[in-house]
Amino acid sequence: MSMAEAEGSLVAYVDQMAELIGLPLDTEYRAGVIANFERIQGIAALVMEFPLPPEIEAAPVFHP
Amino acid sequence: MTVHPHHRDAIAIAAAIRSGQTSARQVVTAALSQIAEQDSTFNCFTAVLADSALATADQIDQQLGRGQDPGPLAGVPFAVKNLFDIEGIPTLAGSKIRQTAPPARQDATAVTRLKQAGAILLGALNMDEFAYGFVTENSHYGPTRNPHDPARVAGGSSGGSAAAVAAGLVPFSLGSDTNGSIRVPASLCGIWGLKPTYGRLSRAGAFLFAGSFDHIGPFSRSVRDLALSFDLMQGTDSRDPVASDRPGDTTLPQLERGIDGLKIALADDYFARGAEPAVFTAVAQVAQALGVSQFIRIPQAATARAAAFVITAAEGANLHLADLKTRPHDYDPATRDRFLAGALIPALWVQQAQRFRAWYRQQVQALWEEVDVIITPTTPCSAPLIGQETMPIDGQEVLTRPNLGLYTQPISFIGLPALSAPVPASQSGGLPVGVQLIAAPYREGSLLRVAAFLEAQGICAAPLPQRIP
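Just so you know, the sequences run in chain order Y and Z.
With numbering that gives the first Met the number 0, letter number 10 in the first sequence gets 9, and the count goes up by one each step, no holes.
With numbering that gives the first Met the number 0, letter number 251 in the second sequence gets 250, and the count goes up by one each step, no holes.
Looking at chain Y on its own, in the form it has when it is part of the complex (with noise of 0.2 angstroms):
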C-alpha cells in the first residue's frame, strides 16, 4: 500500500467509524480528529508489533 493510500484507508476508517458508532464529526474539528488518530495508530503500533506470551493475560482482573 502507497502512502497516499494508507492515509486514505486511515480517514476513511474515521469517517466510518464514526459514523458506526454515531460520533458526528464536524468539518470544523474533523482534520483535527484525523491527525490525532493517525498519532494514535503510530503510538499503538508500538504495542501491537510488541511479541508478547499466549499465556499473559489483561491486567485488569474481575472478581465475581
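To be clear, the hints were calculated from the coordinates, so they are not data collected in a lab.
Each statement offered as a hint is correct.
So, partial list: chain Z residues that the calculated Cβ filter (under 8 angstroms) puts toward chain Y:
(1) Ala301
(2) Ala306
(3) Ala312
(4) Leu323
(5) Pro327
(6) Gln350
Built from N, CA and C at the ideal position, the CB exists for glycine as well.
With chain Y fixed as given, assemble chain Z onto it according to the hints.
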C-alpha cells in the same frame, strides 16, 4: 502574631494554632487575603469558599478553647483540584459542560478525611479539562500561571493545585495523576508531589478520567506535610472499587530513619535521554547526595508509555461518549479532538495494551529484588512558556504537551508509587525542576525517607518564588 500560611508548612501552622501563637481564624483570614491579592496573577482558584472556611476556623478555635483536639491538621488551610467533589457545589473537572451538573451531595472521601483531621478547605483549583493535559492552559477558565515565572505554565493537569502551593496560597493541596498529572506540575512548580500506589488512596468522589490509571495524591512544600497528609487519607473505602484493603502504613514516623538499608539506583536507557541538560544535572545532584552510582534498566519503557496512551484515550472517550456525540463544541479545543479520536480506537489495540501492561508489571516486579528506589527525571524540561507548542530536545523540535509525560507515564501505567522531589533553580532567575523517585507497590515510606534525606541535605527544597514578598 499572625502566621502567614506561605511562611510555614502545614505541620508548623497546626503547631502554632495549637500553642495559641495564632488562631485558625487568623490563619484562614491571612490565606484568603493572599488569595484575593495574588490569584488574579496565578489563576489557581475556580472557587473560593471564604464563608464556610471562616465558619470552620471559628469552630476549630472554639474546640481548642475547650481543650478538645480537632486533629493533627487543626486549622490548616488546603484546597483541591476541581475534580474532587465538594458538597454543595458542582464538580467542574475543568469543564464548561459540568457547570450545570447538580451540586455534589457529599465531599470526596479524601476531602472528608482531611477535614476530619482538622484541615480547612479554602476552595477548588484549576486544571486541564477532564484532566486530559499536562499544561493547565484551560480555554474555559484561563491558564494557571507558574509562580516562578507567570509567563510559563504551571504544568498539569493538576496545575492549579501545584501553583497554589508553590505560590504559598495554601500549604498543601490535592491533585490527581493518571499519566503524570501530579508529578509533572510538581516538577514545573518546584514543589513536592506524591502519586501513591494505585488503589492506595480512595478516588471516591474524584471525577474519573481513565480509571485504569487514575490516582489521587498530595502536593506540599515540605516532606513531612506530604507524609502526614498521605497518612491521614489512607484507609479502605467501599465507594472506590479499586481502593486497597491493605492496612494503612504510617509514614511520618519513618522519615527520621534516613536512607540506611535502602538500595537506590538510577534508571538508564530511556530515562537517561530526551531531556534538557539541566534536568540531568538535577538528577546527578540527587544521585550524588544519595551516594548512588548504580544503574538499572526499566525494560520497554517506550512501549509502556505507548500502551498507557492508547488505554487512556480509549477509556477517556468511553466516559465522555454521550457528551462527545451531543455537545462536542462545549469541550476545550485542547481536549476535544483527542477525546473524539479516542472513541474510534479498535478494541484490539486496547486489549493488547492491557496484556502488555501485565507483562511489563511482571518485568518491573523483578527489579525490586535488586533495588528499593529508582531515580529518573520527572519532566524532560523546566516549565515551558504558555502557548509554547514545541521544545528542543537532543537537537530536535518535539511537541511540548505530550512530551511532558515522557518519564511519568511508564510508571503510573503499572501503579507504582512515585514522588517528584524539587531541585531549586541553581541560579537567580532560573527555574526549578523535579526528580522522580519510584518504589515498589505500597513502599511510599521508602520514597518519603529518601525525600526527607534530600530535604535535610538541602539538595531538594520548595522555596517560595523570589518575587513573592
